[in-house]
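**Q** For what it's worth, our numbering labels the leading residue of the sequence shown as 78, then goes sequentially.
Hints in this document: simulated from the structure, not taken from any laboratory.
Any given hint could turn out to be false.
What the hints assert, rightly or not - Derived PhoX-like pairs (lysine-lysine); straight-line CA-CA distance at most 20 Å:
(1) LYS753 / LYS810
(2) LYS759 / LYS800
(3) LYS443 / LYS476
(4) LYS791 / LYS729
(5) LYS443 / LYS427
(6) LYS443 / LYS124
Unchecked claim - FRET-style restraints, in silico, Cβ to Cβ:
(7) ARG510 / ASN442: 26 to 36 Å
(8) THR766 / ARG258: 28 to 38 Å
(9) PRO501 / ASN246: 24 to 34 Å
Just so you know, even glycine gets a beta-carbon here, dropped at the ideal spot from N, CA and C.
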Amino acid sequence: MKSINLLTNILFVLLPFSFSFGQSVTIPIETENVAIVLKTDGNNRLKIIYFGKSLSNINEYEQTGEVFNFRSEGASSNNNAYAVAGIDNNFTEPAIAVVHVDGNNSLDLLYESHSTSKTSDGATLTVVTLKDPVYPFFVDLYYKAWKDKDVIEQWSVIRHTEKGNVVLNKYASANLYLNNRDYYLTSYNGSWIKEMQPVETHLRQGMHTIESRLGTRENLLTSPNFMLSLDGKATETSGTVMMGQIAWNGNFALQFETDVYKNLHIVAGINPYQSAYHLKPNTSFETPRFVYTLSFEGKGKGSRNLQGWLRNHALLDGRGERLTLLNNWEATYFDFNQDKLVSLFGGAKKLGVDMFLLDDGWFANKYPRNDDTTGLGDWEVNRRKLPDGIPFLVREAEKEGVKFGIWIEPEMVSPKSELYEKHPDWVIKQEKRPEIYFRNQLVLDLANPEVQDFVFKVVDDLFTENPTLAFIKWDCNAPVFNGHSKYLERKKIPQSHLYIEYSKGLQNVLERIRAKYPTVPMMLCSGGGGRSDYNLLKYFTEFWLSDNTDPLERVFMQWNYSYYYPAIAMCNHVTDWSKDKSLKYRIDVASMGKLGFDIRANELSERDMKFAQQTVRNYNDFKDILWHGEMYRLASPYEDDMASLMYVNEQKTEGVMFNYLTNWRDVADTSLRPIKLQGLDKDKTYKLTEINLYEGTNTPVDHQKVYSGEFLMKVGFNPSVSKYRASVVIKIKSVK
Numbered sequence: 078m079k080s081i082n083l084l085t086n087i088l089f090v091l092l093p094f095s096f097s098f099g100q101s102v103t104i105p106i107e108t109e110n111v112a113i114v115l116k117t118d119g120n121n122r123l124k125i126i127y128f129g130k131s132l133s134n135i136n137e138y139e140q141t142g143e144v145f146n147f148r149s150e151g152a153s154s155n156n157n158a159y160a161v162a163g164i165d166n167n168f169t170e171p172a173i174a175v176v177h178v179d180g181n182n183s184l185d186l187l188y189e190s191h192s193t194s195k196t197s198d199g200a201t202l203t204v205v206t207l208k209d210p211v212y213p214f215f216v217d218l219y220y221k222a223w224k225d226k227d228v229i230e231q232w233s234v235i236r237h238t239e240k241g242n243v244v245l246n247k248y249a250s251a252n253l254y255l256n257n258r259d260y261y262l263t264s265y266n267g268s269w270i271k272e273m274q275p276v277e278t279h280l281r282q283g284m285h286t287i288e289s290r291l292g293t294r295e296n297l298l299t300s301p302n303f304m305l306s307l308d309g310k311a312t313e314t315s316g317t318v319m320m321g322q323i324a325w326n327g328n329f330a331l332q333f334e335t336d337v338y339k340n341l342h343i344v345a346g347i348n349p350y351q352s353a354y355h356l357k358p359n360t361s362f363e364t365p366r367f368v369y370t371l372s373f374e375g376k377g378k379g380s381r382n383l384q385g386w387l388r389n390h391a392l393l394d395g396r397g398e399r400l401t402l403l404n405n406w407e408a409t410y411f412d413f414n415q416d417k418l419v420s421l422f423g424g425a426k427k428l429g430v431d432m433f434l435l436d437d438g439w440f441a442n443k444y445p446r447n448d449d450t451t452g453l454g455d456w457e458v459n460r461r462k463l464p465d466g467i468p469f470l471v472r473e474a475e476k477e478g479v480k481f482g483i484w485i486e487p488e489m490v491s492p493k494s495e496l497y498e499k500h501p502d503w504v505i506k507q508e509k510r511p512e513i514y515f516r517n518q519l520v521l522d523l524a525n526p527e528v529q530d531f532v533f534k535v536v537d538d539l540f541t542e543n544p545t546l547a548f549i550k551w552d553c554n555a556p557v558f559n560g561h562s563k564y565l566e567r568k569k570i571p572q573s574h575l576y577i578e579y580s581k582g583l584q585n586v587l588e589r590i591r592a593k594y595p596t597v598p599m600m601l602c603s604g605g606g607g608r609s610d611y612n613l614l615k616y617f618t619e620f621w622l623s624d625n626t627d628p629l630e631r632v633f634m635q636w637n638y639s640y641y642y643p644a645i646a647m648c649n650h651v652t653d654w655s656k657d658k659s660l661k662y663r664i665d666v667a668s669m670g671k672l673g674f675d676i677r678a679n680e681l682s683e684r685d686m687k688f689a690q691q692t693v694r695n696y697n698d699f700k701d702i703l704w705h706g707e708m709y710r711l712a713s714p715y716e717d718d719m720a721s722l723m724y725v726n727e728q729k730t731e732g733v734m735f736n737y738l739t740n741w742r743d744v745a746d747t748s749l750r751p752i753k754l755q756g757l758d759k760d761k762t763y764k765l766t767e768i769n770l771y772e773g774t775n776t777p778v779d780h781q782k783v784y785s786g787e788f789l790m791k792v793g794f795n796p797s798v799s800k801y802r803a804s805v806v807i808k809i810k811s812v813k
């Protein structure tokens with residue numbers, strides 16, 4: 078237990094603290110294993126003097142700054158808690174830049190007060206107020222610390238009482254200062270069907286920026302996630318690593334600036350690209366959360382911190398259940414009718430999944446949605462395809478014993494649609510510029526409250542007409558091109574507010590949906606994995622990783638996504654994308670997350686259907702371990718010829734291990750070395766059983782043999798992966 082004297086307890090834990098000149102203020106922000114320590118300097122500016130392992134004696138944090146060379150000129154290189162532009166000798170990237178009402182573009186922020194309190198959801202919230210000594214301009218820095226998961230959320234609230242609008246040219250969520258010896262940054266690049274491609278950069282002196290300017294979708298060319306190894310490269314089980322993301326569903330920027338002294342400055346927040354914000358007096362601007370963890374036990378521990386935090390505190394229904402499903406998209410694309418869909422319901426029932434999901438193509442009449450060039454925005458059922466409407470399909474699915482879900486893309490509009498004809502002013506576009514289409518569509522202006530009402534009504538009407546509708550897949554394909562809002566123009570609001578107001582408008586819609594329909598599962602999708610931010614996941618139960626469902630590619634993608642998201646949030650489907658890989662390999666890979674099928678189930682052979690049915694039963698048997706257990710990566714597909722990973726329940730009594738061959742060219746006939754398991758109880762004994770086998774298939778795994786947890790973790794187990802056994806799934810169970 079941490080030693081806290083009574084005076085410190087009164088000042089820093091229970092009551093707000095105000096500063097008077099002549100005294101220094103130290104503010105520790107702690108989790109179980111991590112501490113950030115803030116301290117005022119002689120000029121009353123707030124500095125970061127420590128970011129590292131937490132101490133058992135809270136009184137010693139005040140001394141941490143003494144062991145670093147902050148006092149000699151230039152050595153600190155501005156370890157500001159929230160760096161400002163236009164004042165002092167701060168030449169590092171600022172967290173905030175403003176223009177005051179009188180045109181002055183400088184800012185100084187001095188400590189004024191702070192408070193620390195417990196939140197209703199079990200975290201500790203520290204709020205530090207900074208104020209300009211000349212102007213009535215304030216910044217409140219928020220630090221929300223989740224003790225059990227070693228996760229910290231940072232954000233800022235900017236406000237003022239000047240006589241007119243203050244222009245915010247930059248308004249970061251967080252500013253961090255690290256003084257380690259070395260930094261290796263992993264970021265994730267990509268494009269459609271190439272999401273989450275890792276790139277490791279050894280940070281040298283200078284600036285490295287990860288950013289998005291797409292407007293609607295934060296993760297296409299770059300991801301908001303990052304991993305930063307400190308003092309050398311971290312492994313899964315060793316090293317110090319910082320991991321997290323900027324949780325924003327719009328343009329973001331993560332800036333990593335290394336100075337001449339090897340100090341690293343991190344500035345994270347909304348991308349200020351074309352987004353100067355005019356803040357009215359007596360109002361406030363709240364930035365998105367910067368979410369991160371610091372692990373001293375490698376990438377695996379950091380990943381489990383984020384996964385656990387998301388399951389328990391951020392993801393909608395993160396501790397609940399999910400629906401397995403059969404989707405019609407790859408079976409029919411746009412070419413379907415009522416009878417064809419009804420015939421597919423039996424396939425869902427036969428497979429044993431929970432739900433049938435109807436994808437794109439079910440709507441629009443004047444401009445029917447028979448391909449991706451028409452109909453978006455006209456959300457009435459297509460009477461030619463579905464003469465009896467969606468209620469009929471819901472009833473027919475339920476007769477087969479499966480639930481019914483549906484696809485929508487309510488933020489978008491086709492130029493060839495009735496909505497576009499009636500409301501061209503609802504579309505984001507520059508009138509004097511040619512329209513630029515992405516998947517033959519444009520973006521609706523969610524800065525406009527009328528558009529927000531329209532989008533809400535799309536969802537509300539579906540549930541009103543179909544009260545037992547079980548699921549929504551919410552897509553968003555197009556980014557913003559030639560951004561201009563007729564609504565902002567009419568209201569005389571600067572166009573530089575568009576990107577921010579769009580994101581806020583979407584959140585307003587989702588808040589309304591969740592207020593009325595709090596528990597209905599919804600999948601976040603965006604032309605594949607274009608949206609996966611923690612901010613939107615508080616409204617969604619899961620997200621779609623990529624339109625690339627090739628199982629070999631998916632092994633790598635799912636591996637990378639898993640550092641930041643739990644399995645319960647990641648949707649993986651079995652498809653016919655890569656028929657050179659066996660049905661077993663495809664199902665085994667998809668079983669690593671929330672399982673779904675996107676196949677022509679009625680075309681499966683009797684043998685394949687029996688196998689698929691058994692894998693669904695197996696999945697239902699271990700899904701609770703997968704969705705709510707702890708994940709351990711055992712062999713990396715980037716370093717080995719295979720990927721191996723496992724999930725273990727909280728009691729360490731059950732687990733499931735996935736093994737996938739990833740290199741067919743160079744692999745030996747069988748894996749030669751055992752894989753060391755993790756997360757088990759060394760004093761328990763376990764049986765290992767291979768599952769997901771075709772009937773009559775032999776296995777080299779001895780199902781009667783028992784192993785101690787110590788043996789499995791120190792010596793290991795050989796799953797015998799080979800080109801003849803390309804995927805191996807092992808159920809782990811403790812025995813008396």
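**Q** Now, for every hint given, state plainly whether the structure supports it.
**A** Tested hints:
Note on LYS753 and LYS810: the hinted pairing holds, with a Cα-Cα distance of about 16 Å set against a maximum of 20 Å. For the hint linking LYS759 to LYS800, the alpha-carbon distance of about 32 Å lies beyond 20 Å, and the restraint is violated. Taking the CA atoms of LYS443 and LYS476, the gap is about 32 Å. The hint is violated against a cut of 20 Å. For a cut-off of 20 Å, the pair hint linking LYS791 to LYS729 stands: about 16 Å separates their Cα positions.
For the given pair, LYS443 sits about 37 Å from LYS427 by alpha-carbon distance, which is inconsistent with the 20 Å threshold. For the given pair, LYS443 sits about 62 Å from LYS124 by alpha-carbon distance, which is inconsistent with the 20 Å threshold. Remark: the range hint 26 to 36 Å for ARG510 to ASN442 is upheld by a beta-carbon distance near 31 Å. The hint said 28 to 38 Å for the Cβ distance between THR766 and ARG258, and at roughly 46 Å that hint is violated.
Taking the beta carbon of each, PRO501 and ASN246 are about 32 Å apart, inside 24 to 34 Å as hinted.
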